[in-house]
Amino acid sequence: MIHLAIANIIAVALVLLTLPLLSPSDGLRRRGLLVAASLAVIAGAIAIYAAIGSPHLGDRPLAEREVATTDPELAGLLERARSRLVEEPTDIDAWIWIANAEGLSRRYGEAALAMAEAAVLDPDNAEHLARQGEFIVLAHDGLVTPAARLLFAQSLAIDASQPVARFYGGVALAQAGDTTGALVVWRDLLADSPVDAPWIGELRRHISDAGEAAGDSGDDTLDMITGMVEGLARRLADEPDDLEGWKRLAHSYTVLEDWPKARHAYERALELAPGDSDLMDGFAAAVAAPVDRTTGVSATVLADMERVLETRPDNPHALYVTGLAAALRGDNGGAREKWTRLRDLFEPSTSEYSRVGMLLESIE
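Sequential numbering from 0 applies to the sequence shown in numbering that gives the first Met the number 0.
Any given hint might turn out to be false.
Unchecked claim - Simulated pairs of lysine to aspartate or glutamate, DMTMM-like, Cα-Cα distance not exceeding 20 Å:
1) 260 - 277
2) 246 - 277
3) 246 - 211
4) 260 - 243
5) 246 - 158
6) 260 - 270
7) 260 - 229
The set of hints was computed from the structure by calculation and includes no laboratory data.
Please work from the sequences and hints to get the whole structure.
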């Protein structure tokens, strides 16, 4: 029974809180389709998803991962959400839960309908419109349909920085044969994204694919960046007390997704500025990113995350990972305490709050 509970926890954690940005476009290598819920966290402090999400799950599409979409736990969550709607049809959280669950079950059309209800209830929410559009794209095998384009345009009219809508704007351009235009959109999105954003790795792969199609691989740029980072690392070996240098190096390794080196750079910077909250958050992101969720949380990672919580008790990376470690060892009470704190970082009306709530439901 314990093993079954752990399997349910891993399934829900891997899927509900995994956040890579991924959608195919004509002429580019098709990497598969992901559930629209994957991008709902883009707005701000939820860098947790860099730890939970893609770069370390490989290139296999989420839709092909061995997560039982008929899992009774997921079915139970879906049924409870539907029951809530019978009593309160304007419960936006319930509509979002249903959209997520339908998406996880690959019923993208149903997911789009549920997200449309959430969008009607909160018409000024750019994220809901973008996610509805993404579900429509998924329902049409990656094609950005006119209806989806309209939703993305409406989303951007509310929030011009909305990353899901911006990304699919690039997909639409690529599908129309304007690969150069898609590159412009995606490179702008990359430039605007936080360095530990969970979609960075997949976005860079799309840029690489489009660059190859357009005859612009970007290899020279990457080589230049790598060379600059290596030069900075050599200089810091001779000037080990340069705090700003260590900050830049940690930032650079994070962009390059070289997590061991990023972790080392953050550790060195924290030795020079032990009270720096931004550095501690960066350290937590670097520690969490390579966590292998299928084999558990190592003692070293757990100790690091507990240390983070001593000074940053609301750090979402640390709350998620320590909660996962507790759940995997059968300490549901400990997991519930950490994940409740994680959930409460978000407003009750947000999809993030709902998804962490679903994670909590999985250990009841």
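Evaluated hints:
{"no.": "1", "hint": "260 - 277", "result": "17 Å, holds"}
{"no.": "2", "hint": "246 - 277", "result": "10 Å, holds"}
{"no.": "3", "hint": "246 - 211", "result": "33 Å, violated"}
{"no.": "4", "hint": "260 - 243", "result": "16 Å, holds"}
{"no.": "5", "hint": "246 - 158", "result": "31 Å, violated"}
{"no.": "6", "hint": "260 - 270", "result": "15 Å, holds"}
{"no.": "7", "hint": "260 - 229", "result": "11 Å, holds"}
Of the numbered hints given earlier, the model fails hints 3 and 5; all others are met.
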